[in-house]
Structures are given as C-alpha cells and as structure tokens.
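J.: One-letter residues, chain by chain:
There are 2 protein chains.
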Amino acid sequence: MNDAMNEALGAYAAAWNETDAEKREHLLEKGFAPDGTYIDPAGKANGRQELSTMIAGFLDNRPGSTIEIDSEIDEHDGYARFTWVAKDADGNAFLPGMDFATFAPDGRVAQIVGFFGPIPPLGT
Amino acid sequence: MNDAMNEALGAYAAAWNETDAEKREHLLEKGFAPDGTYIDPAGKANGRQELSTMIAGFLDNRPGSTIEIDSEIDEHDGYARFTWVAKDADGNAFLPGMDFATFAPDGRVAQIVGFFGPIPPLGT
Chain A
10 MNDAMNEALG AYAAAWNETD AEKREHLLEK GFAPDGTYID PAGKANGRQE
60 LSTMIAGFLD NRPGSTIEID SEIDEHDGYA RFTWVAKDAD GNAFLPGMDF
110 ATFAPDGRVA QIVGFFGPIP PLGT
Chain B
10 MNDAMNEALG AYAAAWNETD AEKREHLLEK GFAPDGTYID PAGKANGRQE
60 LSTMIAGFLD NRPGSTIEID SEIDEHDGYA RFTWVAKDAD GNAFLPGMDF
110 ATFAPDGRVA QIVGFFGPIP PLGT
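Same order as they appear, the protein sequences are chains A and B.
Read left to right, the first sequence gives residues 10 to 133 (the numbering used here).
Read left to right, the second sequence gives residues 10 to 133 (the numbering used here).
Same shape as in the complex, but just chain A:
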C-alpha cells in the first residue's frame, strides 16, 4: 500500500460512518474515484454520488451503527483485501464482511466488491 492508497481507503471507510451528507461527500471526494463502483450482495452503486446515497440509506435504516475495518489491508499490485465489521448502536457486531478493492492511478478507490460473512467452509 502506498500512502495515497492508504489515505484514500481511510477516507472511504470513514464515509460509511458519516451521517452528514456534505461531510460524507467530502470524504468520498478524497477516497473514492468519481466513477468508482461499489457492489455487495445487497446492492450496488455506480459513481460517488450513488455510493453516498447508498450509505445514507444504510445509516438511516440502522441509526447509530458503525462499520470499521478490522484487519490489516493486504495489498499487492494495486489489489487489496480486508475485513470489516458492522456494529449496531450498542456496539454489538451484526455483520462481518470482506472487501476486495482496486485503485485509480491517483490512489483513490476505483472498485469495491464486498462479501458478507466468512468464506463458507466446504460442505456448507
């Protein structure tokens, strides 16, 4: 991870916890490419504005919840993986997940593909 990627990913992650639309969009300007894409099993967003709207929906539905990255960022060749956990307003984890990220040339996040839960063991 170079510094630009690291800073971008930090701003991107912080945006998921920012209820103020203006502040959230400022974080996404720092961390997420204008035409970046986001997809997880529950939905997708094309571009920074759609992602901001998706985050607003998440935070509106679960007031007080937070999402934090809970692993190191494992990156090579501009591809990164990391885990995160979503917690409710009481701090109880309700969803663990993993993101796969790619980066634009300036270091901002270009694509997030999110997965929910751990990788399922064989036979499940």
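Some hints here could point you the wrong way.
As the list makes no split between identical chains, a pair holds if one copy fits it or if it spans any two.
Taking lysine to aspartate or glutamate and the EDC-like style, the derived pairs with C-alpha atoms no more than 20 Å apart in a straight line are [what the hints assert, rightly or not]: (1) Lys53 with Glu84; (2) Lys39 with Glu59; (3) Lys53 with Asp86; (4) Lys53 with Asp83; (5) Lys32 with Glu59; (6) Lys96 with Asp12; (7) Lys32 with Asp44; (8) Lys39 with Asp12; (9) Lys39 with Glu16.
The hints are simulated quantities; they were obtained by calculation from the structure and are not laboratory data.
Keep in mind the model is a prediction, meaning the values are calculated, not measured.
Add chain B to chain A, keeping to what the hints say.
T.: Quick look at chain B alone, frame taken from chain A:
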C-alpha cells in the same frame, strides 16, 4: 454460481494440478478465457498460454505438489471468492491462499487475483 461458472472454475482449478501440457491447455480452454488474466504476489500471466507456462513452472519447481480449493465458492453478481491450499508431494500444506475471480459472459474465468495466507489481523 451458474453451471457454466462452476464448470469453468473446476477446469481452471484442475489445470493447476495437470503436468501434461496438452491436457493442461485443454483444461484451460474449458475454464479460462483466452485473454484472461492471472496475478498473485509471486507473478502474473496475461492470457491462457502465459498461465499454462506459469503453472508448468510451479509444478516443475515442486514435483508432486497439488493445489485444491478448500472452501465453497462464494459468488454474487459474477464475483467470486474462495480459499485454496497448496500441498507438497507428501500431502503437507505449505501455502494457504485466497482467490478473487471474475467471469467472462460465457462463464469462463476472466480474472484471478490471488492472495497468499490469511488476511492479516490488525496490528500484524
């Protein structure tokens, strides 16, 4: 996972254990897009032929070793993640890993981004 993706991924994985070049390339024809890409922390391959050559190098360096997928395939929207383990000729695991895969419209693997080991815990 639809059937085409499932079959393609099975043929792709089998190719990693096939020392016979002709058989391996037949497996990659079934499972890997002609212009598919492969990258992991140790190297990269652009296209089916380069991947076959990379696999040959791996199997030449570690005679008798095998690689097998050891999780279910977790897929949504054409994006998949799964874990695998490389074992030596005596069956001892020497490298665990995780692949992130995307698929061509016909179901063949279009891109593999591989990672070695588990996702590193925070603070490591």
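J.: Could you place Lys53 and Asp83 in one of the four classes (within, between, both, neither) given a Cα distance threshold of 20 Å?
T.: Classified as between: cross-chain Cα gap 17 Å, same-chain 23 Å, threshold 20 Å.
J.: First find the shortest C-alpha distance between Lys39 and Glu16 inside one copy, then the shortest across copies, and answer within, between, both or neither for a cut-off of 20 Å.
T.: within (8 Å within a copy, 41 Å between copies)
J.: Taking 20 Å as the upper bound on the Cα-Cα distance, should Lys53 and Asp86 be classified as within, between, both, or neither?
T.: Intra 25 Å, inter 10 Å, cutoff 20 Å: inter-copy only.
J.: Within a copy, between copies, both or neither: which one fits Lys32 and Glu59 at a CA-CA cutoff of 20 Å?
T.: Only inside one copy: Lys32 and Glu59 sit 15 Å apart there, 46 Å across copies, limit 20 Å.
J.: How would you label the pair Lys53, Glu84 (within, between, both, or neither) given a Cα cut-off of 20 Å?
T.: Close across copies (15 Å), not inside one copy (23 Å); limit 20 Å.
J.: Check Lys96 against Asp12 for me: Cα-Cα at most 20 Å, and say if that holds within a copy, between copies, both or neither.
T.: For Lys96 and Asp12, neither the intra-copy (28 Å) nor the inter-copy (36 Å) Cα distance is at most 20 Å.
J.: Is it within a copy, between copies, both, or neither that the alpha carbon of Lys32 lies no farther than 20 Å from that of Asp44?
T.: within (19 Å within a copy, 42 Å between copies)
J.: Pop the pair Lys39 and Glu59 into one bin, within, between, both or neither, using alpha-carbon distances up to 20 Å.
T.: Within one copy only: 16 Å inside a chain, 37 Å across chains, cut-off 20 Å.
J.: Taking 20 Å as the upper bound on the Cα-Cα distance, should Lys39 and Asp12 be classified as within, between, both, or neither?
T.: Within one copy, since 13 Å is at most 20 Å while 41 Å is not.
Hint 6 from the list above is the single one not met by this structure.
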